[in-house]
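J.: Chains as they are written, first to last, in my numbering: chain A, 1 to 187; chain B, 1001 to 1193.
Treat the hints as calculated values from the structure; they're not laboratory data. Heads up, some of the hints might be wrong.
[Stated by the list, open to error] Straight-line alpha carbon distances no greater than 27 Å define the calculated DSS-like cross-link-like pairs of lysine-lysine that follow:
no.	chain 1	residue 1	chain 2	residue 2
1	A	Lys45	A	Lys94
2	A	Lys176	B	Lys1182
3	A	Lys176	B	Lys1099
4	A	Lys122	A	Lys176
[As the list claims (entries may be wrong)] Facing chain B, a subset of chain A residues (Cβ under 7 Å, in silico):
no.	residue
5	Met57
6	Arg80
7	Glu107
8	Leu124
9	Ile153
Beta carbons: idealized from backbone N, C-alpha and C, even for Gly.
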Amino acid sequence: MRGDDVEDVKIIDLYFQRDEKAIDETDKKYGQLCYSVAKNILNDKEDVKECVSDTYMNLWNTIPPVKPLNFSAFICKLTRNLSLKKLDYNNAKKRSPELVTALSELENIISSENVTETIENKELGSIISEFLKEEKETQRNVFIRRYWFLDSIQSISEKYGFSQSKVKSMLFHTRKRLKAYLKERGY
Amino acid sequence: MGEIKILESLNYIDDILISDAIFHKTVRRSDKLLKNKIVKIAVCLVFLSAILGCASFFNTQNHSLPFSLKVYGESEKGEVQAIDMEIDKKIPIDLFETKSGVKGFVFSYDKPDKNVPSAVAIVSEGDYDGIEEEILKMADDSTQNYIFYVPNEYDNTPIEQSFFVSGFEKDILYEIHLIINKEGDKYYVNLKR
Chain A
1 MRGDDVEDVK
11 IIDLYFQRDE
21 KAIDETDKKY
31 GQLCYSVAKN
41 ILNDKEDVKE
51 CVSDTYMNLW
61 NTIPPVKPLN
71 FSAFICKLTR
81 NLSLKKLDYN
91 NAKKRSPELV
101 TALSELENII
111 SSENVTETIE
121 NKELGSIISE
131 FLKEEKETQR
141 NVFIRRYWFL
151 DSIQSISEKY
161 GFSQSKVKSM
171 LFHTRKRLKA
181 YLKERGY
Chain B
1001 MGEIKILESL
1011 NYIDDILISD
1021 AIFHKTVRRS
1031 DKLLKNKIVK
1041 IAVCLVFLSA
1051 ILGCASFFNT
1061 QNHSLPFSLK
1071 VYGESEKGEV
1081 QAIDMEIDKK
1091 IPIDLFETKS
1101 GVKGFVFSYD
1111 KPDKNVPSAV
1121 AIVSEGDYDG
1131 IEEEILKMAD
1141 DSTQNYIFYV
1151 PNEYDNTPIE
1161 QSFFVSGFEK
1171 DILYEIHLII
1181 NKEGDKYYVN
1191 LKR
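Can you make the complete structure from the sequences, with help from the hints?
T.: If you want it as C-alpha cells, here you go:
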C-alpha cells in the first residue's frame, strides 16, 4: 500500500464518520488535481469551480455507502464525468482549447460507421483498458495524461522530461496502435 | 463523432491506469542525464572525438566517404532496390514499414568489420525498442550495417538529418548529412558535403 493510499483511507473514514473535515482534507490533497481536470475540459472559470464543488457534494452523498478502493481515480472520474456532462458538445465555445485539440487528434480512431449508440461506452472503455495495459508504462501514462486528463503537450513534455516533438510522436504511434487494435475487434 | 465516443469511453478505463498516471514518478529533462558525473564526462568525450574526427575527416579525405552508402527504395515493379548515393545526386527513396507498423527510411553502409554481425542504428525521437530485430529480418545483405530513420510526423520537408558512422579508421567519425525532400507523393534524398 502506498503512503497516498493510507492517507486516502483516513479521508474515506472521515466520510464514513460524517465528519465535514473529509471535504477539507479532500480539497487539500486533490483540490488542485480536480481543478485541473475540470479546467482542461471546460472553458469557463465559473463552470470549473462549480464542477469541483459538485464533485465534493457527490463524494459526500456517495460515501458511504460506497467505499472506493482507489480514491484518487474515483474522485478524478467523478470530476471528469461532471465536467463532460456540463459541456455542451454543440457549443464549441464551452470547450477548452486543450479539449478541442485533443478531440481533433482522436478523430478517425474508430470508424464513423461504428459510432452509434449501440456501442456502449463501458464496453469500449474496457477494450481501451486492455490495450493500454499492453503498452509500455511511459507510453501508457503519456496517453492517459493527454486524453484522459487532457493535459497540454507542453505540460506533458515538462512532466516527463521529453521534447514536445517526442511527446507528439509517442502519441501519434500510440493512437495508430489503438486504431489498429480497435479495428481488429470490429470497431 | 468518433472522437467524442473515445473521450467518453475513456472514463471507463480501469482505476489503476488513472492512479498510475497521477502518481507516476516523472523526471525533469535537465535532471535526466547530466546529474551523473560519469555521463557528463562521457558526453564531453563523445563531443570532443566527434569534433576532432569530423575535422580530421574533412581535412584529409576531400569530402568523400571511404565506404559506399546505399539508400533503399522501391522499383516501379515494387521490388526493393538499393542505390549507391553520390554527393548532390537526387535519389528516390521510400518509406518502409516494420512488422510493428513503424515507418522509416532505410540506409546502409559496408560493415567495417566483416566478422561481426550486421547492426542497426535507429534514428528517431520516439522510443522503438525491439524494432532492430524486425529491420534485420527485412534486410537480406549481411555485408551491410543499417540505419533506420523514422521521420517525425510533424517535420516538414525538406528534412535535414545527419548520421555519424565510425569504425573505419581509428578516432574518425564520419558525418553523413542528408536532405530529404517530398515532391508530390514521392520522397527524394540528397547526400550533402
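J.: Does each hint hold? Answer for all of them.
T.: These are the hints, each one checked on the structure:
1. A:Lys45 to A:Lys94: With Cα atoms ~11 Å apart, Lys45 of chain A and Lys94 of chain A stay inside 27 Å; holds.
2. A:Lys176 to B:Lys1182: holds, 23 Å
3. A:Lys176 to B:Lys1099: holds, 14 Å
4. A:Lys122 to A:Lys176: holds, 21 Å
5. Met57: This hint is violated: Met57 of chain A lies away from chain B, its Cβ roughly 19 Å from the closest one there, beyond 7 Å.
6. Arg80: holds, 6 Å
7. Glu107: The hint holds - Glu107 of chain A has a Cβ within 7 Å of chain B, the shortest such distance being about 5 Å.
8. Leu124: Given a least distance of 4 Å, the restraint on Leu124 of chain A holds.
9. Ile153: Result: violated, 10 Å to nearest chain B Cβ.
Hints 5 and 9 from the list above are not met by this structure, while the remaining hints are.
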